[in-house]
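Could you build all of it, start to finish, from the sequences and the hints given here?
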Amino acid sequence: MREPGAAGFFPGRADVVPHVHRQQRHSVILVQDHVQAVRQRELRVGDLDFHFARWGPDPTALRARGARLQVSDHAASDCRQRQGRCKSEEADDRQHRTRHESFTHQITKLFNHQITKPCTHRITNLPDHQIKYSTRMFSRRVPDDRRPNRLAAVLADLRRRGVPLIDLTVSNPTRVGIYYPETLLAALADARALTYRPEPFGLREAREAVAEMYLRRGVRIAPDRIMLTASTSEAYSLLFKLLCDAGQSSVLTPVPSYPLFDHLTRLDAVTDRRYALAYHGAWEVECGDLDRAWTPDTRAVLAVSPNNPTGSALTARDADELVNRCAERRVALMLDEVFCDYPFAEAPLLDPPALERGDCLLFRLGGLSKTAGLPQLKLGWIAVSGPTRLVDEAADRLELICDTYLSVSMPVQVAAPALLAATSPIRDQIRDRVRHNYRALHRAVAESDAGVSVLAADGGWSAVLRVPAIASEEALALDLLTRDGVVAHPGFFFDFPHEAFLVVSLLPQPDTFARGVYLILERVHAA
1 MREPGAAGFF
11 PGRADVVPHV
21 HRQQRHSVIL
31 VQDHVQAVRQ
41 RELRVGDLDF
51 HFARWGPDPT
61 ALRARGARLQ
71 VSDHAASDCR
81 QRQGRCKSEE
91 ADDRQHRTRH
101 ESFTHQITKL
111 FNHQITKPCT
121 HRITNLPDHQ
131 IKYSTRMFSR
141 RVPDDRRPNR
151 LAAVLADLRR
161 RGVPLIDLTV
171 SNPTRVGIYY
181 PETLLAALAD
191 ARALTYRPEP
201 FGLREAREAV
211 AEMYLRRGVR
221 IAPDRIMLTA
231 STSEAYSLLF
241 KLLCDAGQSS
251 VLTPVPSYPL
261 FDHLTRLDAV
271 TDRRYALAYH
281 GAWEVECGDL
291 DRAWTPDTRA
301 VLAVSPNNPT
311 GSALTARDAD
321 ELVNRCAERR
331 VALMLDEVFC
341 DYPFAEAPLL
351 DPPALERGDC
361 LLFRLGGLSK
371 TAGLPQLKLG
381 WIAVSGPTRL
391 VDEAADRLEL
401 ICDTYLSVSM
411 PVQVAAPALL
421 AATSPIRDQI
431 RDRVRHNYRA
441 LHRAVAESDA
451 GVSVLAADGG
461 WSAVLRVPAI
471 ASEEALALDL
481 LTRDGVVAHP
491 GFFFDFPHEA
501 FLVVSLLPQP
511 DTFARGVYLI
521 LERVHAA
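What the sequence shown shows, in the numbering used here, is residues 1 to 527, in sequence order.
Among the hints, erroneous ones may be present.
As the list claims (entries may be wrong) - Derived lysine to aspartate or glutamate pairs resembling EDC-like cross-links, with alpha carbons at most 16 Å apart:
id, residue 1, residue 2
1, 241, 474
2, 241, 396
3, 241, 351
4, 241, 268
5, 241, 447
6, 241, 272
7, 241, 297
8, 378, 234
To be verified - Simulated restraints, written as ranges between beta carbons of each label pair:
id, residue 1, residue 2, range
9, 456, 194, 49 to 59 Å
10, 328, 259, 24 to 34 Å
11, 134, 316, 48 to 58 Å
12, 158, 134, 35 to 45 Å
13, 357, 189, 35 to 45 Å
14, 212, 468, 47 to 57 Å
Simulated from the structure, these hints should not be mistaken for lab results. Note that the coordinates shown come from a computational prediction; the quantities given were computed from them, not determined experimentally. Ideal Cβ positions, reconstructed from N, Cα and C, are used throughout, including at glycine.
Next comes the structure, spelled out in structure tokens:
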């Protein structure tokens with residue numbers, strides 16, 4: 001691993017800025033002597049955008065590497081005058097060379113010019129009336145319609161009015177009566193956190209603690225192949241940046257599953273293609289659907305084990321199918337294991353053999369939120385394994401990405417070894433809670449004649465109820481909320497293939513959980 005510099009590590013930037021002062025090299029990308037002409041003879045200075053000729057580098061790649069340009073009005077005017085004298089693209093080779101030399105001179109002059117304020121000029125050979133300006137200010141990555149759905153709006157109104165509710169959607173373990181010893185705070189008071197040590201992958205002692213955690217699960221990963229992030233969500237975003245080209249690449253995600261994937265992919269301009277998990281007494285990957293979702297632009301397959309909300313862990317067969325396809329088609333596999341510490345059975349959840357073969361590039365994701373029951377301390381991680389050449393290349397590229405953000409706070413990195421060692425009692429409490437409530441749910445459903453069943457699951461913090469499709473899931477959830485004061489998720493929140501399903505959290509305190517389940521069964525029976 002390369003050592004970061006004082007200002008962070010940006011490999012490859014200094015050597016492409018040979019004519020710019022050292023202090024500018026990390027913020028300016030200059031195309032050495034290879035700029036030939038301006039693509040479409042257009043240079044936008046105001047919005048800091050270059051368009052290079054067909055011989056030049058891809059402008060998207062330059063922007064991704066941090067290209068910035070701010071020039072004075074005088075320099076922009078000078079560049080406009082020179083640019084206006086450019087001939088058409090049908091000019092002969094001599095004219096092309098002349099244009100290249102002129103433009104290269106302009107670029108060098110602009111960058112060596114005294115940097116002043118951002119310029120609002122647009123330099124182009126088109127008349128002003130032909131210039132097209134954007135009429136949209138905000139990105140389409142954030143939807144224009146952000147109104148809450150009907151269920152969320154009713155819930156917000158009830159909470160605003162102080163109506164007591166039984167929340168069977170809670171996912172925060174710090175709010176459900178789990179005991180957290182105050183001694184945990186001592187780890188956050190370590191004086192070493194007062195010294196900032198920027199490391200692209202995070203402090204080595206923290207990564208070693210994560211590696212030891214994996215070893216206790218029977219998974220051997222070197223600390224150098226572990227990257228710390230501010231959350232599991234950020235880990236996904238970093239991997240999308242590593243693997244995908246914005247607006248051109250897709251990833252495959254399972255359904256039913258957590259709706260967060262839709263937001264994460266959209267925010268990184270990646271297409272989210274779904275593959276089905278089919279239920280036949282147990283959940284399994286629908287391989288035919290997986291193949292139909294696969295396209296030439298697919299860069300990664302996402303899997304969650306145990307999945308949220310189905311609680312299904314990858315079977316040996318599922319892992320074989322995913323790993324074999326990813327290896328054959330040179331696509332990465334992302335495996336979200338945040339719930340793997342919470343099996344419903346007494347035996348731990350073990351890795352399928354295919355994951356240990358190293359046939360494909362594999363990224364394992366985890367974090368303190370679930371592993372330690374500490375969602376308030378933002379720390380996640382990526383663990384990379386697979387073919388050595390691919391792992392080395394991925395780690396080298398991730399080093400640049402992680403060094404660009406350096407998003408993990410120093411206190412949580414310093415505290416991570418102590419927190420991972422001290423939170424076993426918290427995990428035990430949460431594990432006992434979800435197991436108790438899962439068994440209680442099965443008993444309550446078995447004793448009821450409401451026609452409800454519990455879908456089989458392996459672990460996690462949720463359970464899925466199949467209910468008679470007499471009314472829509474939304475109507476049932478609204479009835480439970482407004483008439484019984486019970487909050488439950490309808491299945492369509494998670495893209496279940498058909499109705500009717502309800503998803504309930506297994507985290508609530510046992511008495512609260514039992515009361516909520518009783519009211520659900522009574523409401524379904526009365527329908």
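Open item on the list: Output the indices of the hints that this structure fails to meet, ascending.
Closed with: Violated hints (numbers, rising): 1, 3 and 5; every other hint is consistent with the structure.
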